Amino acid sequence: MNKQIKFVQGNEACVEGALYAGIDFFAGYPITPSTEIAELLAVRLPQRGGKFIQMEDEIASMCAIIGASLTGHKVMTATSGPGFSLKQEALGYACMAEIPCVVVNVQRGGPSTGNPTHVSQGDVNQARWGTHGDHAIITLTASNHQDVFAMTVDAFNLAETYRTPVILLFDEAVGHMREKLIIPEEGEIPLVDRLRTSVRKGVDYHPYLPREDGRLPMSDFGGDHRYNVTGLFHDMWGFPSNNPKIVDGLLHHLVDKIENNVNTITRYKEHFLEDADYLFVSYGSSARSAIHLAKNRRQRGEKIGVLELQSIWPFPEEMVRERCRGARAVIVVEMNMGQVMRHVKAAVEQPERVFLANRIDGHLITPSNIKQLLRVIQGRGV
Amino acid sequence: MSVKDYLRERFFPHMWCPGCGHGTVLNSLLRAVEALGLDKNDIVMTSGIGCSARISGYVDFHSLHTIHGRALAFATGVKLSTPRLNLLVPMGDGDALAIGGNHFIHAARRNIDMTAIVMNNRIYGMTGGQFSPLSGVGIKATTAPYTNIDNSFDVVKIAAAAGASFVARSTTYHVLEAVNILKKAIAHKGFSVVEILSQCPTHFGRKNKEGDASSMLELYRSNTAKIGSRALAENPALLPRGIFVDEERPEYCEAYEEVIKRAMGGAKS
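Protein chains in written order, with our numbering: chain A, 1 to 382; chain B, 1001 to 1269.
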């Protein structure tokens, strides 16, 4: 494969990333503003022998990709706000049964039908706690198309590494905006293939007995090992159990396998952070405005930097605390009512120095929106 | 192979009540699989939630016990991704036709090759006896204490109308007939629906004064008749049993192979 340069929408960059990562199967349902992902995969997947199916609803799409993952395929679905709500029960099933899959949510305004064609970042907490019960989850995001591509590849890799659903939390502005994308050559980004069991045919295979490193090698449905998969608490055979020891052990395993690896999973970018007095923490399309403003103020000699989060869950508390240490003010820039801001406050040593620059009216937060707050904090008037 | 070879005896005794019909359905299903000589590694059973859904834990196939109503959606992912596998999808009446009604009609419409078995006991058993869309008017249930006013679906009619290319009905009384029908349903290429009336003496029988398991089975004998039989002609009020639809129609996964051919032929990017 040669290096290709394309001029694409963010949703198309996501599709290119998924194809690069080796997607074999996509199930989806039309919904704005993520539909282009389904449309493009309907074209591209069968061209390489993969499968695309438009299911009868959002719930069925989520269920279908879990079924396809169990047969050994790399799978993805894509949706937006209301569809993401509908997928939550099956998403929890994938957490419990430890089925690798990628779920894209191109965020639009909510709650409910909300603002289908406008940008929002209101699903950050739903990505974390949308499904019921204690669990851990990985959520990645991106502010530009090169990163949308990279994070999509990463999402497939992390899903296989940790046997978990990974959520790609993009937003309408990034999804529909067009910019340059350079598709890396084959092998340039390493891919993680499924870890399959080395247990031979006829020898007992325990699908839910973690190795010493916590990983669980899989066996494809249709292969030599027949086992049970369930959303109930289950023993090492995958058979339902309500034995308190088994329930306790499994729940700890599900949470620990991700939370204990927060440092490995954490992805972020630093923009002019070294000597920054004022620090923006942002992600997705709002980070573009924060970076623009920081660049602009740097030229005027102000020490302003941006910490751009690319992984939101598990929340990179330690990293955020370290980067924010000593800052005169930390301004979280996001398009919701402070969903990430609350976690930044909880993470830093001086939460009283954390402020929120947000916009929730369906329009992209602009550098001047952020500047207004910055000037107040800097004591330069309104 | 004997039927025992298809069971995971490690997980017995099963959790169904004494007199429940679901064990009989399991027996019929395994005898059909045995008669067809299918390799256990080629069979995936997906089920939803409820008494019926627990069947997937007891069979020595690849088994996927999923969430309420969605067994067919999971099965669709398994089947389309790996069409060589045989899909068995047992569901309860609430599971298949209430919460799962949408997936049921759409799987039928696609005519995707799998066998849906509706284990119809006309009640939500696991939760303690609430009425289902197959209970029918006049039935008593914990959520219909003054008798049910909800009309019921006819599984056979709904499956046929939605596009299933094989549709049949039997009961746990007519075990040999059920084995025979299940054999044909599994061998059939396309979406097969087999409704098997299965007694729930614990919840349906007690509330509706149908007696114990044996008297409920007796009712299956006296209240049903084979299609084309004289009994049915003489008494159209009887519930017909047998094969209602058995047609050859384009199957979804095969049709998708044609899509792949077209896509590969006209590949642009």
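Don't read these hints as lab results, they were simulated from the structure. Quick caveat, the model's predicted, so the values are computed rather than measured. Hints may be right or wrong, so weigh each one.
Unchecked claim - Anything over 10 Å on all C-beta distances counts as not near chain A; from chain B, calculated:
#1 Ser1002
#2 Arg1010
#3 Val1044
#4 Arg1070
#5 Ala1073
#6 Thr1082
#7 Leu1085
#8 Gly1128
#9 Gly1136
#10 Phe1153
#11 Ala1231
#12 Ala1263
What the hints assert, rightly or not - Using 25 Å as the maximum straight-line C-alpha spacing, the simulated DSS-like pairs for lysine-lysine come out as follows:
#13 Lys201/A to Lys1157/B
#14 Lys1040/B to Lys201/A
#15 Lys257/A to Lys303/A
#16 Lys1183/B to Lys1140/B
#17 Lys1157/B to Lys1226/B
#18 Lys1183/B to Lys1157/B
Every residue gets a Cβ at the ideal spot worked out from N, C-alpha and C, and that includes glycine.
- Task: Return the numbers of the hints above that this structure violates; sort them in rising order.
- Result: 2, 3, 4, 5, 6, 7, 12, 13, 15 and 16
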